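Visitor: Okay, here's what each chain looks like letter by letter:
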Amino acid sequence: MLELSYSLGGFPLNGVPLGLKDEEDHTQSFSSTPSSSSSSLSSPSSISSPVVIHTSSKGRILTRSVSHFDESKSYTERMDELLLSSSLRRENTLDGKGNDFVTKRTTSISGSRGAPFIVLPKEERFEILREKGRFAVDIGGTLVKLVYSSVGPPDGDGTTDLLLNFRKFQSIEYCIDFLKDVWQDRNSECYLNGTGGGSFKYAELLQKELGVKVKRTDEMLSLITGCDFLLRNNEDESFTYHHEAEGLERYQYKPIEEKAIYPFLLVNIGTGISVLKVDSPTSFSRVGGSTMGGGAFIGLGNLLTSARSFDELLLLAEKGDHRQVDSLVSDIYGGDYDHLGLAAEVIAGSFGKCSTLNHRRAQGLCEDAKEEDIAKSLLLMISNTIGQMAFLYSNRFEMRRIYFGGFFIRKHPISMRTLSYAINYWSKGVCEALFLKHEGYLGAVGSFLDMTEEQKKE
Amino acid sequence: MLTINEMECALRNLCAAEHFSFDIGLRVIKVVYTSRIHRHPAIVNEKFSKEGGTRLHCIHFPFTDLDKVCEYIAQKVGNLSGKTVQFTSTHKDSEECVRIIRDTLRVKMERVNDMRCHVKGTNFLLSNILDEVFVYDHHNVDCRYFFQTCLNSPHSSVYPYVLVNVGTGMSIVRVNSESDFEYIGGSHCGGGAFFGLAQLLIGSADMDELLVMAEDGDHRKVDSLVSDIYGMKYEGLGLPPDLIAGSFGKCSNTKFADQVKNDPDYRKDCIRSLLLMISNSIGQVVSLVLNNEKTNRLFFNGFMVRNHPIIMRTLSYAINFWSKGALQAHFLRHEAFNAAIGAMILGKERLENHGEVDIEKVSWREHYAGCSDLGRFVPRRPTDAAFRGEVLELDCADILMRPFPLLSPSVEYDPDTVDLNSDLAAREFWLTIMEESVHKMCSKAIESQHDSPTAAARADVVAKKYLEQLKLLRDKPFAYGTCNVRNLLDLREQIFQEHDFDDPFKLQKKLENDLAVRELPKVVTKLDGMDDVRERLAEATKGLLAGNVFDWGAKEVVKLMEGKEEFTFQKAMDVVPARPWLNDDLDEFLDASMNGGHKSIVVFVDNSGADVVLGVLPFAREFLKLGSKVTIVSNLLPALNDITFGELIQVMKEVTDRDELLKRHTEKGTFKIMHSGQGSPCLDMRRVDSELCKAVLDDKVDLVVIEGMGRALHTNFNAQFMVPSLKAAVIKTRWLADRMGGDIFSVVCKYEKPIVDLM
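Taken in order, these protein sequences are the chains called A and B. Take the first sequence: its position 138, counting from 1, is numbered 138 in UniProt numbering, and each next residue is one higher. Take the second sequence: its position 363, counting from 1, is numbered 363 in UniProt numbering, and each next residue is one higher.
The hints are simulated quantities; they were obtained by calculation from the structure and are not laboratory data. You can take every hint at face value.
Within a straight-line C-alpha distance of at most 25 Å, the following computed SDA-like cross-link-like pairs (lysine to any residue) qualify: (1) B:K221 / A:S306; (2) A:K201 / B:F256; (3) B:K221 / A:E173; (4) A:K201 / B:S227; (5) B:K663 / B:Q650; (6) A:K428 / B:E182; (7) B:K542 / B:T656; (8) A:K370 / B:Y266; (9) A:K277 / B:P240; (10) A:K370 / B:F256; (11) B:K261 / A:E312; (12) B:K700 / B:I755; (13) B:K324 / A:S283; (14) B:K255 / A:A307; (15) B:K559 / B:W581; (16) B:K694 / B:P154; (17) B:K753 / B:D591; (18) B:K555 / B:H439; (19) A:K208 / B:D228; (20) A:K370 / B:D206; (21) B:K542 / B:G741; (22) A:K201 / B:Q259; (23) B:K753 / B:A538; (24) B:K555 / B:A578; (25) B:K564 / B:D743; (26) B:K294 / A:R396.
Footprint (simulated), chain A over chain B, 3 or more residues, beta carbon under 8 Å: (27) 161-170; (28) 199-213.
Have a look at the derived ranges for each label pair, beta carbon to beta carbon: (29) B:V98 / A:E367: 24 to 32 Å; (30) B:S179 / A:Y421: 28 to 36 Å; (31) A:T160 / B:Q259: 48 to 56 Å; (32) B:Q328 / A:A245: 40 to 48 Å; (33) B:G203 / A:P153: 54 to 62 Å; (34) B:K76 / A:N358: 30 to 38 Å; (35) B:G325 / A:D218: 25 to 33 Å; (36) A:K122 / B:Q328: 54 to 62 Å; (37) B:N291 / A:H243: 26 to 34 Å.
Predicted, not measured: the structure shown is a model, and the values here were computed from it. Quick reminder that beta carbons are idealized off the backbone N, C-alpha and C, glycines included.
Bound-form chain B, shown alone (with noise of 0.2 Å):
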């Protein structure tokens, strides 16, 4: 039974809950539900500022819980009277469920159909949720889960997709497009055979302890093998002796079966081959049902496949093998919530209801501080007790994201440079950073609250509650799915979040913005004052890789600004070291760039202060003298010490109001400044706000400038686009430069044509 402690830890902000929709199962109920949550104003564009955000809680709990936790809702939520719940359910005693679910929280109930809602909390989770999919590798000793993420981009779809439901039966159904989609096939040999034919056999159906079972047992001693057909005197067969010829073929012997049962071992035995016999089935009819598929994205669903990991082996490994090698089996991470997720898509009262969100019209981003550890995705063999486990929260990022459009159709784009899930020295090293920096983030929190009094106390719990998930991250990397460094400083700064430090570094930004834009002059007469032309953007560009060395981020650089001598932009500039750099492709740009190869330019920046305002807006000044359009691209929320949109605007109405050139190509649209959509220190190009896409093809872009070790080490080093692109950063930490075979501040620019595909 679940404690009230457990549900505060999954029901959370219920007093600000809004909309809720059930999915009620035979053994477990998933309830999602939306609600209002305080977050410190974004400033999406210079109109609209969005106060506040949507949260979307999606909980999954056993069924022989559901009062409780309708009472406990009942209790926390207020009134919701009148209000319509939507639900949906594969099974006939699901009248009991509604009816307490109405009765308790007096709303309306609404079924919906539970296909549908199936397709829907699919194509949500697909295009919401990066490392949603995953294939299962069990020999794989590093990691046997291997991520992948699926959006609709310009050059690839989604869609078509297959989805395979395994819950009492097995249903299989392609998915066309948004909202089309048949019913191609289907067996009532699913996992109600499994669990039937084990009550019956064993009289447990308790999946913990099947599939326990099943990990232990021997089938080959109730299976027949080749071995028992062909004697020991098959060589030159080709069959393995170990090969299941038929299942439970020992026992259709009368003697051999009354005696079996008998056998110590005879229950685990018996319901490993059970599920060794069911898994093979449904791989083998799914394979020749998808043999004239054009898609070979199969996913599986259902309760049975759940996190399972022998249930995902013998799976992939049927698939596998019935298809030749042509299918291969996909799993979702958070598909147990997809048809309550769908239920909430579906209901008609919400979508009626304006100036709420329409949740399939914006894009959402797995809020992983509020997720507790299991629910993230760790497989595991015990399942529905772990209640805790069961909790996705998702913030609404308000905005439509989509993928950067210029990205190489040819190449296929993975943002991360390391993948800590099968670099474990880089894993190590990457928690040990964020381990040991995690106090010093939490005094800079507190400093920028430092008239809060309660403020000690909240960095307090954020220290203790990042520390707890890097621990479960040491464990169970793949916990996020791919473990990576981006996703390690987001959950950071969602943890931040979630105890109201909105923004650690706002005094330190602002600070810096000031004192850049004020030195801002010096640097753009300096440069001015240059005559030759091609001189003057080297000495920009290395400008925009001094302005680099200024970061928070960075452990050796905030020795450098915490020492006792003031840090100035002539300083960083005497950092970087003399070329030839360590990646040394400046002459190639210059040379590009002075034959007018680069007419329209996006630069994503990094920092605030002097890397954004002394770095980037000279190196952009000098492109639009050479009468280039210039779009800037920063962050939408805070991160670290990155410029955030909002700060963006504020240094640029300073800016241009002390710099003519500027001010003239802003009023003119030749220089502009956009947001990512995004709040990290790493750049994402998988999901970039929509109306950036829109710009960037507008505009023509033909050069895309990406600067800071974020953005353009840990992410994108290895990123191909469709226009020339520039990399830029200097190296700020021993072990980076240790691995790109540096040394402490190498600098790093990389200048790269887009690789030409010749038919």
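Bound conformation, chain A alone (with noise of 0.2 Å):
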């Protein structure tokens, strides 16, 4: 009954119009005019941008980016796009000081329309996809994600970046659709990498529309290889929230030396939410998990509010007030709970006002509850409770640094303060939320890292 499958997206099924408009716009022209003029290797969305490559260094913050920005994107969307794509103030993990930090091997870059890749460091692995493309999926129960190898422009000295562009679909028809298309010189001897408990489902589906085999990798070990990898490669990956602070200096880059990397805690929250204890990219288990995750939110979301996605059931979200439906200490207590230490706006009891809704109507007393305000309690319930429960692991384990992944944060500062708060309020400061620029992306990576197939033929 509580068990979990291992990567689950977070997102809603398909054909449901997301706010991600680019990646929407991606897959109807995709479908409906096939662009057969791109080069068979390049990623037909990132190629014609400029590649800028980011040195930042504390305090200074790129704000370019940010005028890449269309205007009708929702903050959510847009804040997800610049962590992906901008540097931020950083912070040495090590030594907890702020150090100029430069950047030595790969940073991560952005074309104008948003859809995000990192130049693979120069390793001898991967010269062999400067040939031949590799695509890997993550299908989980909501969403698939896509990470797939092209040749990036050339330089001024002639030589060509390796990139890894990263791309979701809200079905696996989408992404068919696009795999099509850019794949094109596959043959029946090709591999697709897949993870997540879609590969399973939709194996058969994928061999036939695509002629390719289906290689399946381990959920797990996809996860935390594609975690260790990106945290290694790339120096921007981590990040904290700092509530307190104003517009971006509430993020701040967390590099991590190498060999300070382990052990960690890696909290994934798809549908459901796995907890995994990682000592060693090899060395893991999965400790726990819950089915309070992203589906919960969505799915009640969905049930209680006209929000027809996850960004609007987020909106919504920073827009309502959850004191209006939650009981709070106060409102049980008068004020604050001294005998438990516990200030006046605790929440008690998240829609501990709603239980009494029919009562206190009945007298006069209130109107219905507002959906902003349901939007906003049921986004703290699941958050607080995936940050209660991170921490109690964590400190179970003694884990310093606990990493969120998958698809629900989509740095959305009211999750992820609710999660940082609440990991900073248990542990009393002893361990730190930390966030991942590439959260919903870490099992397709670690999928696309497989060359077992490859290696096979060489």
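Work from the hints to combine the two standalone chains into their complex.
Guide: See the structure below:
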């Protein structure tokens, strides 16, 4: 009853108009007007834009990227893109002091169309990708995540970078359409790497539609491999959230020395939640999980509000005031509850005020609960519980760093604030909530890195 | 709405009520009060006898009936003005309730911190009510409830324990000692979230309705299961396809969410999903918080949990699952009342008012006869509406009861030999025999008060009530906790007392005591005439068994005693069969006694008359002659024809006038009488008079003798002690004889040395 699958997405299922407009545009354009002109291995979306390599330092915030943003997008979307494309203030995790940290290896870069990618490190194992691209999908309960390689545009001296592109789709069909278009030189000898529950469910469909073999990679191993790779190679992969700061200052990069990465706790929030204890790239275990994750947030959100997508729901939550529906300590005790050291504003019971709604409404004491207040309360209830649970697991295994993966957080300030607050509060400042730029793609990246089939051929 | 009749049934003895306290909740209000009850004087010791007693009444009623209940109390109780009433509350709207109570009863109101009330009240329930704790096992077909008693004893403590209160939110408190506790965690995802979201989802927050829906619903229609994500191709993953991956996960598809609302089962399916999501989350947070705790004693409290099988089931499952079996969820039968009782205990005024019982310093016992049926804990689906169901009454023992200190610490003590919850055949037998015997008991009772014009009518009520209770037990054997012979008998005693039949066998006992006292010299002379010490002790032991044949509680014996011929002690000696007996450790017992193994003995006695006077006293004399100390322990309060402490004092006065040896030892202090503090035909070693506990240790008792069917067979047959023990009884019922593989009047003479723990 309680078990969860490992890598689950957090998005509504098929056909839902999501806020990620650029992707939707793409999926539509690919299904209607296949752009056969584009070179087979290049990312059709990012190739045209100038590649900007950020070398930021403390205090210097690059706001340039913001100008790329489409104003019609929600704050959430913009923040998502901003974080995937820009560099923020950096803090060295190891000594805790803010260091000027010059990027050594790879940096993320972004195209104007918002489909992000990173430059793969110059390693022998990736050279083969110059000749033949590789694709990997992570098919979760609600979303399909795709990563694939492409060759970047020539540099000044004529060298090219290998790029790793990130895409997500609301349904397997959209993803297949996209793959048919981008993956031109595929044949029956090719492998599509796949992980996530859907790699079982849709294996036959993928084989039939694409005419390639599907190579399944272990879900947990993929998740960890992906996380390890990103933390090692993308200096600006992880960041912390500081609500007390202003604007972009709220986000702080937390680069980490390779040797200090382990151990850590990885909390993957998808439809449900998985908590993984990671001691090394090869030694890890699933220590717990919960059924109350992204699925519960969107599912209950769909049943209780008029929001038609995850982003709309988050927007509603931003506007809401949970105090209208939750029971606060002050609602029970009339003020602080000194005996337990609980402040008046602390939530004593989520949705506590709603349980007497009928009664109070009959007395003319209140109106119906507003949907934005419901959305806010729901978000707080779920993210607080996740935060508390994450802390409790970190405490049990004496882990100080907790990385959050999956597609639930979406760099959404309320979620990040709640999670950071919960971790800080429960651990009395000992533990740290760390967010990942590519939070949703860990499994896909890990699956991508499985090169056994290529190696066999050689 | 409550009727006057319902209030009369629940709010009893208000005219003698003394102190009140309230626990004001969102849905229900609990009132607790003490009252003085009329009771036959009980002689507690030679200097002190107690007239009347104190009772604690706990009643649970719907929030909406507060006005009515307060008016009813005000009308019945007389003048309360100037008194202070304690209350505790966990919601802000309590001000209105406080005003109603204050104005209607014309009292001062004192607020007591709710967390302290919960802890105090839980301490009280744990230390006073047997079988208060239970674990829920949904898959056990015979009985889903497994009861436990947690008492402080020399070998174990109820502390520390963890209290999880699931109310609007959920809080986890560790209780370290009687007064020290700390908050160790909590969550705002609790009962409020369940009822609040239910209200928002389906427009109802009615507990009864929701829980029925949750039982019937199918969460798989709205949750994402493992099979939804993996398809049906998950072989080898070791994940059951029905496992929930994400609660409400299917509804994260907007189209699906729109459609599912039109499903006729939508309401119950999503309530079930909600319930599972929240109880799983609670179970997980609790087991994580308790990961580093030293105790696995974990009690769930709160209206969300109370008597709701589906919640108990999911919480138990979640706790077991997340803790990998290290923790087990426990529940309390009467936790509904813990805060109100705590408020009463914590009330300052009452404590300062000397001359009244200090609730915490004495022991209390469940007064089954006064609790209305459901209040005695019958788990059920509907809840708050059942007003009659919400009554608990406790009687003050006026003394402090403690576990018998010589119980073996290495073996868990369970007084009852047969658990009628799990042994269906035994349950049927006992319920039937109790039903059959009730009229006989009633005629004895009427006889004992033959000058009272109301006796016959009262006896009819007793019979009716007792039969009703037995019927209830047939349906729901766990209504008292573990169903056993002991509480079937106790219940009968209580109902008799409730209707002013303090002691139906009073005259009978007096008659038989007098007869036996006159007979005693004959028996003693015969024994004293024997030269061989060992033979003499053997004969005395046989006498102990013969005495035990006299018993008005056993049908077969009643036939003998009511027969045409006089049933003499000598005839009883002849009834005792020749050796070897059914259980025959006589030789071992004699060997140990001859070798000076027993320097100080304590004898728990059974019936009055021949049993105690002609059986036990000569037996005691033999040990006195061997130079041992002897203490005879009787009941404190009447039960059947068992001798009470008051009667024993009277008997000893008469005996010592005639018996030089007993007189000498009584004066020397080597022979004494005490009481167990109990009033039952059985003996529950978990709770005996603390004075007795002290004496047993001071006297360095090295042999425990228990005699009689009730004390040595129905209870304590398997009890292990730290010192040698002798269990002696004659089997006087056909059923038990068959069960034990013997015949009627078979003899049990079970001598056991303590099991030595080899480190």
